[in-house]
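Those sequence lines, one after another, are chains A and B.
Just so you know, the working numbering puts 592 at position 196 of the first sequence, and the rest follows in order with no gaps.
Just so you know, the working numbering puts 91 at position 86 of the second sequence, and the rest follows in order with no gaps.
Worth flagging that the hints you see were computed from the coordinates, not collected in a lab.
Ideal Cβ positions, reconstructed from N, Cα and C, are used throughout, including at glycine.
Keep in mind that a hint or two might mislead.
Calculated from the model, a selection of chain B residues having no Cβ within reach of chain A, i.e. all distances over 12 Å [as the list claims (entries may be wrong)]:
| # | residue |
| --- | --- |
| 1 | Asn-73 |
| 2 | Ala-77 |
| 3 | Thr-115 |
| 4 | Thr-130 |
| 5 | Gly-148 |
| 6 | Ala-164 |
| 7 | Lys-165 |
| 8 | Asp-168 |
| 9 | Gly-212 |
Not everything, but these chain A residues come out facing chain B in the computed CB check (under 8 Å) [unchecked claim]:
| # | residue |
| --- | --- |
| 10 | Lys-410 |
| 11 | His-412 |
| 12 | Leu-496 |
| 13 | Met-502 |
| 14 | Gln-528 |
| 15 | Leu-680 |
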Amino acid sequence: MRKSNIRTLPAMEKSHERSLKVNTTSTLPPLTFSRIGPKFPEGSKFIPPADTEDVFAKKIAEYYIWLFARFVASSGIQTVPALGGFISATGTAPLRKSTLDYFTPMHQPMTESSVVRELLKRSEEATAEVDQKWVISTFDLGVCMKALPIIWKCPEEFAQHVIMIGPFHTSMNYIGMITNHKMRGSGYTDFLVEAQMVTSGSMKGVLKGKAYAKSLFCLKTVCEAMERLLLEIFCEEENVTIADPEVLLSLINSCNREQLQAALNDESVASMVEKYESYERKVLLGHLGKTAAFWMSFINHCHLVFMLLYSVKANDLGLFHS
Amino acid sequence: MLLICGLFAVQISVCPLLSLVHAYSLQGPNKCQDVALLLRESIRRAHQDSRDLPWPPTADDMELNGENILPADLISFLTMLVTGKENETKPEKGRRWISAIGWDLCRAVTEGSWKNPKHILLCMTVRHLFRSKHVTTVLNGLGHSEWCDFGLEMETTIAKALDQASSRLTPQIVKGDSNIVFHCEWDNLNETTTSVHGTNIVNSAGGIMIQEVKLVCESPIFEHCLQWRSRMSGA
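Just chain A, with the same shape it has in the complex (with noise of 0.2 Å):
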């Protein structure tokens, strides 16, 4: 720890004053600019991370064997914990919690560019008491939309910012854009009413992904219940066997990340992933009609969510890339 850090209350000069004068917090000045868009360098090209695909098979396999580990073990209690659960389980606790604090709230409408503008500076001095050069910043869509063209229009004034689009914020959006849009008339509303997860008046929250909590938990289990009818089809029409049950029994028994690596090794479970995902690009294809592709494309898209809170809640950085 460097001394400079420590903080010292200053002494004062007595002024015989009695009170304090403090003027009304005078609201910004408007920010007018002419939007211009970003300027990357000359014959520069974006490319992902060439990996991409393999983190995502990958990981996508453990999603797979925690389907099947919780299709298995559904009668009766089911013992396997629900996707959150069980990326805790098999994962490792972090050493130390990331430190959370607030800001003191500014209260200006965050839509005007002024105030975006001035939450900007306000980072930039917070990390410059850090001692940090990078102020990296996250804001929803909407201001997204505000900030970057103020860092596109003077590049050099804020050099050292990195915007980021929240994992929240986009899986948030993504959701939304799945049930509100994509899946619109498709039944999911009556499957959630029917099954009495969500009452006609929350429903819109849920559909545009506002309720995220509820919104997350029903497309969780609209998504397993689809699987679980898929992978029914599947183990009928391909006759599939696992060679050694033993694994995936020993996974649903303790669920931890040795048996987890166990059953991933496992050649039977890993030929089992394997017909599954290909009998579900099948299925995307028309296999079972256009109903089942629809619902296939639905579980796809779910995919990707799950994927991207599992990045985020390992913190694995190549996973939330790809």
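Since the structure of chain A is already known, use the hints to place chain B on it.
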């Protein structure tokens, strides 16, 4: 106590050569005067030797137990006066009384120029409990507390000093080498207010600071906090 204070009201020239032992053994018509002069001199010397009150003073500057600051002569005298015995092992209550009376005497002898913890704290406490200028003024008139405006001045200066020392960061956030990643997250923080006139939405921007800290960092709060002690020692 008022009687003792009355003794100090008489302005007499100082006789620095008197010692405590000598004073106690004095017999004769001026024995009260001798003891008073001795104590007066001790108090004035202790006042001169005492360090300046940092401005604004903080909680750490307020050492209520005066045994280390009050003149030893005064404490001996008061111990003898209160308990009737020399070097009596006093209970907490007795020690508190002796300190309190001692501070009152010091303030009276130095005509209020020796600002001591008892008077400052009592002034602030009464102000915060009752918000009454009258109560503080009465206590001040009886010599138990600082005057009301002193409290106001001190509070104003503390507020100014805190404002000067304030930071965007909260004490939870670690600065310097222990930081791994510091991350700011902003989102709108809308509050829907409902009144007889209908509903209205108040738009604000709320921010969260998220920090990854190195494991070796034991106490982030310590580093970030305002260090009262180091200020006192001039570090």
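(message) For Ala-164 of chain B, is the shortest CB-to-CB distance to chain A above 12 Å, so the non-interface label stands?
(response) violated (5 Å)
(message) At 12 Å, judged by beta carbons, does Thr-130 of chain B keep clear of chain A as stated?
(response) holds (18 Å)
(request) Answer holds if the nearest beta-carbon of chain B is closer than 8 Å to that of Met-502 of chain A; otherwise answer violated. (result) This interface hint holds because 4 Å falls under the 8 Å limit.
(request) Test the statement that Ala-77 of chain B is away from the interface with chain A: the closest C-beta pair must be farther apart than 12 Å. (result) Since the minimum Cβ distance to chain A is about 30 Å, Ala-77 of chain B lies beyond 12 Å and the statement holds.
(request) With 12 Å as the threshold, tell me whether Thr-115 of chain B passes as away from chain A on beta-carbon distances. (result) holds (18 Å)
(request) Under 8 Å, Cβ to Cβ, is where Leu-496 of chain A needs to be relative to chain B, so tell me if that hint holds or is violated. (result) holds (6 Å)
(message) A cut-off of 12 Å on Cβ-Cβ distance, and Gly-148 of chain B was said to be off the interface with chain A. Does that hold?
(response) Non-interface label stands for Gly-148 of chain B: nearest chain A Cβ at 22 Å, farther than 12 Å.
(request) Would you settle whether the hint for Leu-680 of chain A is holds or violated, based on the nearest Cβ-Cβ distance to chain B being less than 8 Å? (result) At about 36 Å, which exceeds the 8 Å cut-off, the nearest Cβ of chain B leaves the hint on Leu-680 of chain A violated.
(request) Measuring Cβ to Cβ, find out whether Gly-212 of chain B lies farther than 12 Å from everything in chain A. (result) Given a closest Cβ separation of 3 Å, the condition is violated.
(message) Is the interface hint satisfied for Gln-528 of chain A? The criterion is a beta-carbon contact with chain B at less than 8 Å.
(response) Holds, about 5 Å.
(message) If I take the minimum Cβ distance from Asp-168 of chain B to any residue of chain A, is it greater than 12 Å?
(response) violated (8 Å)
(message) Minimum C-beta separation from Asn-73 of chain B to chain A exceeding 12 Å: can you confirm that?
(response) For Asn-73 of chain B, whose nearest Cβ neighbour in chain A is about 23 Å away, the distance exceeds 12 Å, so it holds.
Hint check: violations occur at hints 6, 7, 8, 9, 15; the rest are consistent with the structure.
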